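Undergrad: Chains A and B, in that order, give the protein sequences. When we follow our numbering, the leftmost residue of the first sequence carries the number 11, and every step to the right adds one. When we follow our numbering, the leftmost residue of the second sequence carries the number 12, and every step to the right adds one.
If you're looking for bench data, these hints aren't it; they were derived computationally from the structure. All values reported here derive from a predicted model rather than from experimental measurement. Among the hints, a few may not be true.
[As the list claims (entries may be wrong)] Across the chosen pairs, the derived CB separations fall in these ranges:
{"#": "1", "chain 1": "B", "residue 1": "Lys107", "chain 2": "A", "residue 2": "Asn15", "range": "11 to 21 Å"}
{"#": "2", "chain 1": "B", "residue 1": "Glu103", "chain 2": "A", "residue 2": "Thr122", "range": "26 to 36 Å"}
{"#": "3", "chain 1": "B", "residue 1": "Asp54", "chain 2": "A", "residue 2": "Glu129", "range": "23 to 33 Å"}
{"#": "4", "chain 1": "B", "residue 1": "Val72", "chain 2": "A", "residue 2": "Tyr74", "range": "46 to 56 Å"}
{"#": "5", "chain 1": "B", "residue 1": "Glu103", "chain 2": "A", "residue 2": "Asn15", "range": "45 to 55 Å"}
C-beta atoms are modelled at their ideal positions from N, C-alpha and C, and glycine is treated no differently.
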Amino acid sequence: MFKKNLQAIFFLIYFEFQSTFMNKDKAIQDLREITNIIDKSKRYTSISGISVVAAGFIALVGTYFSLGILKDEIGPFAPAEKELLLVSIAAAILVLSLIVMFSMSAYKSQKTGEKLWNEKAKKCVSAFFYPIATGGLLAFMSYYYHFYDFIPSSQLIFYGLACIAGSPFSFKEFKVLGILCLILGVISLVHFPYNYVYWAAGFGVLNIVYGFYIHFKYEK
Amino acid sequence: MSNDLLLYNKIFENKIRLQIMSVLVSNDACDFNSLKDLLDVTDGNLASNIKVLEKEEYISVTKSFVGKKPHTLYARTEKGIEAFKNHLKALEYFIKQSK
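If we strip away everything but chain A, and leave its shape as in the complex, we get (with noise of 0.2 Å):
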């Protein structure tokens, strides 16, 4: 007990004198430095931004056809025979962007080592979750009751919502994504009788920018 004490004193004396060594300053910096590591080693990476750009794409895509099929019509309210066309080429833009974001994760993880499922994933997963299965339900039901008009614009925020759920266990920049659709959403209420210009600047236009940022900062 003494000898520790004794060899406490000691190191405060040491520790005294080379103040430059480690103080109070230098402490906080090495705390600081421990939690940003953590906070870092936490974020699922795997998302590869160029499949983002290329769901970017394919929601463009996917716009300028269902506004080819909308073209002889006023304004955006679909006539009864066109409606399955249009169902289905929402369908078609999920599953493929779906599809292109799974398999181009997939080697991205398969490239960089980490394994496409693992614990950091299901957190990212289930944070993105359910704001996006409200998100669909919402959808699905206005489909159901053929109440259309909303459907852009709920997409657009519950897909804002999600971004920003999901953004602590992924990319930082997914809030920023989150928020401009948010914000896109929220107008395109206010306008809606041109909500699929905002759902495809939403859609399209973001996740694209949005996509390229990602690939050039976290992937070049």
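Got chain A; can you put chain B on it based on the hints?
TA: Then chain B, alone, in the frame of chain A:
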């Protein structure tokens, strides 16, 4: 209180070793390339610091093959966790002491 000073670990004085240990304490395991990306350091720098931690038995190393590529997985050891916790106590002491 001053005994916390003794917990200061010179191994963790190096920023890279401190970061490696932080990652491994908060994650179950991590491979070489992920560590390299996270810390943004060169191969040689990372390897030499890993070797120091390995020698202290703060981390364990598991080597395997994925296809034809060697895949090295690093994980913390009980001794490593203990050392890291103690080091944190020392850092805490430094901050409190000089208020």
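Undergrad: Report the numbers of all earlier hints that the structure fails to satisfy, in ascending order.
TA: 5
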